[in-house]
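Enquirer: What follows is each chain in one-letter form.
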Amino acid sequence: MTDAAPNSHYTLERPEEAINPQSIYRDLRDNTPVASLSGRSTTGTVTITRHEDVMSALRTPELFSSDSSAVQIGNVRPLVPLQVDPPHHSKHRKALDPLFAPKQMVKYEPRVRELIRELIDEVADQGHCNFHEDIAEPLPSTIFLELLGLPVSRVDEFLALKDGIIRPPAHSLEERYEMVRATGQKIYAVLEEVVEARMAERQDDFLSTIIDAKVAGQPLSRDDVVDIGYLFFLAGLDTVSASLDCIVAYLAQNPGHRQRVADDPAVIPHAIEELLRYESPVPVVPRITTADTEMSGCPISAGTRITVLLGSANTDERVWDNPEEVDFDRESNKHLGFGGGVHRCLGSHLARMELRVALEEWHARVPDYRLADGLELRYSPGIRQVDNLELVW
Amino acid sequence: MRIRVDTELCQGHGRCYMLAPDLFEADDDGYCQPTDERTVPAELADQARRAFMNCPEDAITLTEET
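For the protein sequence lines, the chains are A and B, in the order given. Last residue of the first sequence? That's 393 in this note's numbering, and every number before it is there in order. Last residue of the second sequence? That's 66 in this note's numbering, and every number before it is there in order.
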């Protein structure tokens, strides 16, 4: 039996709910901490909202599985390592962690700085830009395609494929499944082509490194390499863009915070962590229960899809003082912006470096900016990109 | 003051080596080191407290010596 409290007020799918979700999270935590929401894709799932329950789910992967039945993102085999549970997970993760470790990121920083400067050069003198289209989308996607080893000349095609999975323009759940499935096939085709080429001839890129990696002493199969690539494709082309959108949108609307970042670049790493907490650009991770269990006293059956609301855990007043205040000097910030537990974001150190370098360079050139007059920002549900982030200065 | 890191709980968030760079550094996989129990030099007590208060996995234990 699953006995989550029905809550018909929220779906977590409507664009208007994504603008200022913090108050929705609070309402959910206080009134229906383990909720059954009425959205198209949330129907039949259980949404958990309190920090204690979120941590508990993240820390018990044997009960709250991250396997591929937890979510529909167009793949026909589990994504590696995200949709592989322990004990197999740790072997794959161990092989991939070094690729994204902070020491490696130091090497990529000059290229990120060069690219962001070029992008800023394009817009700095015109006094306005669409920050999402001009900066936040091209920066991480170009860097990621270069790192992974996919042709940067096809960036627009790849971004469209990524959006076809993450934000398909579907009108029904059935249509959504069909769009996602068809897009998934195209992503497989792209990856299979490139992986074949790299197997024949290695280059200086992640795919080549992964092909040569050993997991528990064994080389990976071609399918394994493709399945790692599929995960990287979705994660690498979207999350840093959305994070940069959310952070700059916040700063554009809060001149005191923006001024502090512009005046003191040393505060930028702390601003990033605090805004990853408050904004939670990736607010949700999916899980599925493997056995009957309970959360906050609420029974949940085996096989229930769980929406783990990181964004709500990150603003839970049971854990944080003044959680809805953005304080770059916060003494304690145990945020789950990159998730937690064994599936914590593999690319977090790349994300942090890109965000830091982008904010350093942007504020050095354009320290004083605001939203265009009359602009109402449009946040996408799910991963929170802001595609109409029109700035003026 | 003594500090140690539970390597079973640590997931490599990296908050400790960001906030307590004189106590922790990243290993080749991005996880913190060292993890064995040790005494915190008095001048690093503030860094130790910050690391303790910012670990999302609560993997850091601090013990005040009396």
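Quick caveat, the hints were computed from the structure, so don't treat them as lab data. There may be inaccurate statements among the hints.
[Unchecked claim] To be clear about the criterion: a stretch of chain B counts as covered by chain A if any three or more of its residues have a C-beta under 8 Å from a C-beta of chain A, and this derived list gives those stretches:
# : segment
1 : 34 to 45
2 : 50 to 61
[To be verified] Which residues of chain B face chain A? A few of them, derived with a C-beta cut under 8 Å, are:
# : residue
3 : Q11
4 : G12
5 : H13
6 : G14
7 : M18
[Stated by the list, open to error] Far from chain B, some chain A residues (derived; all Cβ distances over 10 Å):
#  : residue
8  : S332
9  : H335
10 : L336
11 : S380
All C-beta atoms in this analysis are idealised placements derived from N, C-alpha and C, irrespective of residue type, glycine included.
Enquirer: Any hints this thing doesn't respect? Which numbers, in order?
Expert: 1, 8, 9, 10
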